[in-house]
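Peer 1: These protein sequence lines map, in sequence, to chains A and B. Read in our numbering, the first sequence has 68 at position 68, and its numbers run on one by one without any break. Read in our numbering, the second sequence has 28 at position 28, and its numbers run on one by one without any break.
Source of the hints: derived by calculation from the structure; they are not laboratory data. Small disclaimer: the values here were computed from a predicted structure and weren't measured. Please note: incorrect hints may appear among the correct ones.
[Stated by the list, open to error] Simulated DEER-style distance windows between Cβ atoms:
{"#": "1", "chain 1": "B", "residue 1": "P161", "chain 2": "A", "residue 2": "E138", "range": "26 to 34 angstroms"}
{"#": "2", "chain 1": "A", "residue 1": "Q84", "chain 2": "B", "residue 2": "I75", "range": "33 to 41 angstroms"}
{"#": "3", "chain 1": "A", "residue 1": "E130", "chain 2": "B", "residue 2": "P10", "range": "50 to 58 angstroms"}
[Unchecked claim] Example chain A residues on the side facing chain B (calculated, C-beta under 10 angstroms, incomplete):
{"#": "4", "residue": "Y13"}
{"#": "5", "residue": "F29"}
{"#": "6", "residue": "T49"}
{"#": "7", "residue": "N52"}
{"#": "8", "residue": "P90"}
{"#": "9", "residue": "A104"}
{"#": "10", "residue": "W112"}
{"#": "11", "residue": "R115"}
{"#": "12", "residue": "A134"}
{"#": "13", "residue": "V152"}
{"#": "14", "residue": "Y183"}
Beta carbons are placed, not taken as given, at the ideal position from N, Cα and C, and that holds for glycine.
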Amino acid sequence: MVALELVDISKDYHDSSGRCVPVLKQLSFAVPAGAFCCVLGPSGCGKTTILNIVAGLISPDSGAVRVCSTSNTQESARISYVFQQHRLLPWKTVEGNLEFVLRATGVPASEWHGRQRECLALVGLDQVREQFPATLSEGMRQRVAIARSLVVRPTLLLMDEPLSHLDELTARALRHDLAALCYTGSYTVLFVTHNAAEASYLADQVVVLSNKPTCVRAEMRLDTSRPRDFEGYATLRAQRELLRLLGVTGGEPDVPKNSQMV
Amino acid sequence: MKPNSNISLPVSGLSLLLGLAAWQVLATHLSSLLFPSPRQVATELYVILRQGQFLVHAAHTFIRIVLGFGSALLISVVLGLSMARNGVAEALLKPYVVIGLSIPSLAWAVIAVIWLGISDLAPIFTIVVVLTPIITSNVWEGAKAVDCGLLEMAAVYRAPPLLTVREIILPQLVPYLVSAARYGFSLAWKVVVIAEMLGVNNGVGFAINYAFNQFSMRGVLAWTAAFTALMAVIEYLIGLGENWLLRWRPGSRWSEAQQW
Chain A
1 MVALELVDIS KDYHDSSGRC VPVLKQLSFA VPAGAFCCVL GPSGCGKTTI LNIVAGLISP
61 DSGAVRVCST SNTQESARIS YVFQQHRLLP WKTVEGNLEF VLRATGVPAS EWHGRQRECL
121 ALVGLDQVRE QFPATLSEGM RQRVAIARSL VVRPTLLLMD EPLSHLDELT ARALRHDLAA
181 LCYTGSYTVL FVTHNAAEAS YLADQVVVLS NKPTCVRAEM RLDTSRPRDF EGYATLRAQR
241 ELLRLLGVTG GEPDVPKNSQ MV
Chain B
1 MKPNSNISLP VSGLSLLLGL AAWQVLATHL SSLLFPSPRQ VATELYVILR QGQFLVHAAH
61 TFIRIVLGFG SALLISVVLG LSMARNGVAE ALLKPYVVIG LSIPSLAWAV IAVIWLGISD
121 LAPIFTIVVV LTPIITSNVW EGAKAVDCGL LEMAAVYRAP PLLTVREIIL PQLVPYLVSA
181 ARYGFSLAWK VVVIAEMLGV NNGVGFAINY AFNQFSMRGV LAWTAAFTAL MAVIEYLIGL
241 GENWLLRWRP GSRWSEAQQW
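Looking at chain A on its own, in the form it has when it is part of the complex (with noise of 0.2 angstroms):
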């Protein structure tokens, strides 16, 4: 079943000067339901356009967005969306960020307890719910803008390079845990990215765009089993593949499999 599927989209900017500039042109695919699937493409050729298209925030121009609700049809479809940036309030505890989105999306009040400690015992902070955001660590903080994506209960849910901002060992240490979060099944996600690694290692499909105006170049299936190791050998060689689809090719010696660290 197909959770989301972007048909023939194209979105044109303005630039200060008024000159048309062309960002997505004709942009199609599809993500089954309970995928992961990565979306990389080169910096600016306008994934987070994509992303701002299907969470309804920027409308296209041409082509259409279906995003489908898997449990019911009746209920619309409910889209999170991690950003790149936590985007967390701080003006509330960590349980008053999650409070505010069960409260816009009209969740009954008497679940959101249940729900939060669920939700921020999913990402390992339980501990503090009752910090404000800027008491946290980077990290902490984008593990409480995850929890606040999972808190709805989404169909979808869309994440712009949420581990791009961190430094290498907490981005690390989260993605193992969104790669373990996900890995259930138990959501759709849409995850935007630049870096080739991370896609190998999260997810089951990768759309892989060109530059502008953007379209799709490749699409990729990963069927390596989970846990992935982020430097194991599989992993490497679908990055590799990716960086290939990309069109990055030369610059990087062809490393023998058995050479030694020097």
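Given chain A, work out where chain B should sit, using these hints.
Peer 2: Relative to chain A, chain B alone:
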């Protein structure tokens, strides 16, 4: 908190004592009619406090401040938000805000008495017209600086407009409102005294003017000192409220204790 906060209190106290001593020295060399000693002023202060005059006049003044300041705050939030959200409103109101900022408060006090006569309305009107441009420009600045990222977040979750205003826009205005309120309040009690001098027959401004007409320098100083002390206490309380409202900010006294 700054590292030298431990010594700032004793040093400030010492400075006040030195000031009092200097006053005493000057008073002994000058005519007590023009320059009464601290002791004489303190005696006068005791009298006005004891007889209950201070409480009556200060209450009148305080009610005028609260009414004028409250109205100015309400008007300013509406005007400031409209200016930030709407280009036409901004273009319409901007010249008045700029002009309003530069009109002397004494001019307004005189105008108020001419227009409204000897009544409670004159000082209240004066406070409103003096404060509104100041608070409006603060709210306007604050509303322009609202974080669009947070608004987008709210839009993704389809937050109703009222919830967005209450939980996302207003909290971002709070720091601007608080600084406008602090400044506005300190200005309000300076303005109200002038307006009361001209336009009413009670309040602290009236009492100071009465002492002036009696040529009682002691009275003038005693009334000024008592009212200043009262306003200092109120400003301290506002400061506490400010700290509590902004407790989520890094480095605030409330959040410091639980810094990660």
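Peer 1: Work down the list of hints and note, for each, if the structure agrees.
Peer 2: Hints, one by one, checked against the model:
1. B:P161 x A:E138: 26 to 34 angstroms: Distance hint for B:P161, A:E138 holds at roughly 31 angstroms.
2. A:Q84 x B:I75: 33 to 41 angstroms: 39 angstroms, holds
3. A:E130 x B:P10: 50 to 58 angstroms: 36 angstroms, violated
4. Y13: Cβ of A:Y13 sits 17 angstroms from chain B, so the hint is violated.
5. F29: Nearest chain B Cβ about 21 angstroms off; hint violated.
6. T49: 13 angstroms, violated
7. N52: For A:N52, the interface hint holds, since the closest Cβ of chain B sits about 8 angstroms away, which is under 10 angstroms.
8. P90: With a minimum Cβ separation of about 5 angstroms from chain B (threshold 10 angstroms), the hint on A:P90 holds.
9. A104: At about 4 angstroms, which falls below the 10 angstroms cut-off, the nearest Cβ of chain B leaves the hint on A:A104 intact, so it holds.
10. W112: 14 angstroms, violated
11. R115: 14 angstroms, violated
12. A134: 4 angstroms, holds
13. V152: Holds - the Cβ of A:V152 comes within 10 angstroms of chain B, reaching about 7 angstroms at its closest.
14. Y183: 24 angstroms, violated
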